[in-house]
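Residues per chain are reported as follows:
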Amino acid sequence: MVGLHHSEFKNPVIKWIDTRLPIFTLMQAEYGKFPTPKNFNALWNFGAFATVMLVVMIITGIFLAMNYDPNTGHAFDSVEHIMRDVNYGWLLRYLHANGASMFFCGGLYPYLSRHVLRFIQSAA
Amino acid sequence: MGTDTTHPEEHGATRRDFIYWTAGAMAAVGAGAVAWPLIDSMEPAADTLAMSTTEVDISNIPAGTGKTVMWQGKPVFVRRRTPDEIAEAQKVDVSTLRDPETDAKRVQKPEWLVVVGVCTHLGCVPVGEVPTENRGEFGGWFCPCHGSQYDTSGRIRKGPAPKNLAVPPYKFTSDTNIKIG
Numbered sequence: 001m002v003g004l005h006h007s008e009f010k011n012p013v014i015k016w017i018d019t020r021l022p023i024f025t026l027m028q029a030e031y032g033k034f035p036t037p038k039n040f041n042a043l044w045n046f047g048a049f050a051t052v053m054l055v056v057m058i059i060t061g062i063f064l065a066m067n068y069d070p071n072t073g074h075a076f077d078s079v080e081h082i083m084r085d086v087n088y089g090w091l092l093r094y095l096h097a098n099g100a101s102m103f104f105c106g107g108l109y110p111y112l113s114r115h116v117l118r119f120i121q122s123a124a
Numbered sequence: 001m002g003t004d005t006t007h008p009e010e011h012g013a014t015r016r017d018f019i020y021w022t023a024g025a026m027a028a029v030g031a032g033a034v035a036w037p038l039i040d041s042m043e044p045a046a047d048t049l050a051m052s053t054t055e056v057d058i059s060n061i062p063a064g065t066g067k068t069v070m071w072q073g074k075p076v077f078v079r080r081r082t083p084d085e086i087a088e089a090q091k092v093d094v095s096t097l098r099d100p101e102t103d104a105k106r107v108q109k110p111e112w113l114v115v116v117g118v119c120t121h122l123g124c125v126p127v128g129e130v131p132t133e134n135r136g137e138f139g140g141w142f143c144p145c146h147g148s149q150y151d152t153s154g155r156i157r158k159g160p161a162p163k164n165l166a167v168p169p170y171k172f173t174s175d176t177n178i179k180i181g
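Quick note, the sequences are listed as chains A and U, same order. Position 3 (the first sequence) corresponds to 3 in the working numbering; numbering is contiguous. Position 130 (the second sequence) corresponds to 130 in the working numbering; numbering is contiguous.
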């Protein structure tokens with residue numbers, strides 16, 4: 001079993017996957033066991049917001065790209081097509097448009113202003 | 001976590017178990033609610049479905065050749081078969097076919113074969129509408145992508161495709177017109 005991960009999980013299905021690709025161990029280590037200070041307040045949610053919005057932007061972006069036509073002659077029509085004809089295309093586009101604002105203003109800027117400024121301060 | 005006394009393994013279900021299962025169920029519902037619009041967006045769009053029927057004038061198709069028309073964004077082959085091609089399609093032993101289907105089940109009038117021109121392997125458009133194109137060993141269509149060969153009834157005979165070319169719903173509105181869809 002050289003090279004395979006030694007999994008601690010009991011569930012045989014999870015253990016089988018985790019032995020070969022230790023994603024469950026990784027999630028448990030990073031989000032379950034990872035020690036965090038007691039005095040975290042709600043402001044620390046902004047890092048998680050930024051992560052969630054990044055994933056939302058990638059997924060909606062991939063699905064929008066399936067119907068978008070990046071050609072000066074066809075781009076407008078393809079956006080109309082997404083908004084009117086593609087099933088849930090309006091939802092994908094609005095999620096992507098508002099998600100961009102939510103990613104930067106609601107997640108990334110608070111996150112960066114805390115961590116980058118603290119890093120600059122400590123490095124200075 | 002070392003002093004956790006609310007989760008004794010030997011005492012059956014606990015409140016914490018209940019919360020785990022409830023949270024898991026909510027996560028499953030949430031994942032489904034996210035997946036549904038994403039998958040549904042890949043289904044045919046409303047403008048494609050709006051083009052639900054296509055009328056085809058078949059009066060100027062010479063025997064032995066076909067005409068490609070678009071129906072719901074897909075190419076459809078309308079082929080006028082020669083008596084030889086009809087005989088060939090009918091004499092095949094159905095039990096030897098990969099996707100067994102008699103010729104009679106695939107046509108309404110033996111002279112006219114109407115099939116969706118999308119290879120059942122990976123969706124290329126086979127060639128062979130006119131005799132000058134490669135029709136493969138069985139005289140129907142040949143798919144240039146991976147070499148699937150269809151006979152004069154649009155049935156798969158050789159190559160990687162698993163199924164016969166699909167027959168769309170259609171009817172003859174007159175002797176010279178077909179309405180597909």
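Rather than coming from a laboratory, the hints here were simulated on the basis of the structure. Fair warning: there could be bad hints in the mix.
[As the list claims (entries may be wrong)] Just some of the chain A residues that point at chain U, by a computed CB distance under 10 angstroms: (1) Asn11; (2) Lys15; (3) Leu54; (4) Ile58; (5) Ile59; (6) Leu64; (7) Met66; (8) Leu92.
Here a beta-carbon is modelled for each residue, glycine too, at the ideal position from N, C-alpha and C.
Checked hints:
1. Taken as an interface hint, Asn11/A does not check out: its beta carbon lies about 13 angstroms from the nearest beta carbon of chain U, beyond 10 angstroms.
2. With its C-beta approaching chain U no nearer than about 18 angstroms, Lys15/A sits outside the 10 angstroms limit, and its interface hint is violated.
3. Because the closest C-beta pair between Leu54/A and chain U is about 15 angstroms apart, greater than 10 angstroms, the hint is violated.
4. Checking Ile58/A against chain U by beta carbon gives a least distance of about 12 angstroms; that is not within 10 angstroms, so the hint is violated.
5. The interface hint given for Ile59/A is met, as the beta carbon of that residue sits about 7 angstroms from the closest beta carbon of chain U, less than 10 angstroms.
6. The beta carbon of Leu64/A comes within 9 angstroms of a beta carbon in chain U, closer than 10 angstroms, and the hint placing it at the interface holds.
7. Satisfaction of the interface hint for Met66/A is found here, the shortest Cβ-Cβ separation to chain U being roughly 7 angstroms, below the 10 angstroms cut-off.
8. The closest approach between the C-beta of Leu92/A and any C-beta of chain U is roughly 6 angstroms, which is under the 10 angstroms cut-off, so the hint is satisfied.
When held up to the earlier numbered hints, the structure conflicts with 1, 2, 3, 4 and fits the remainder.
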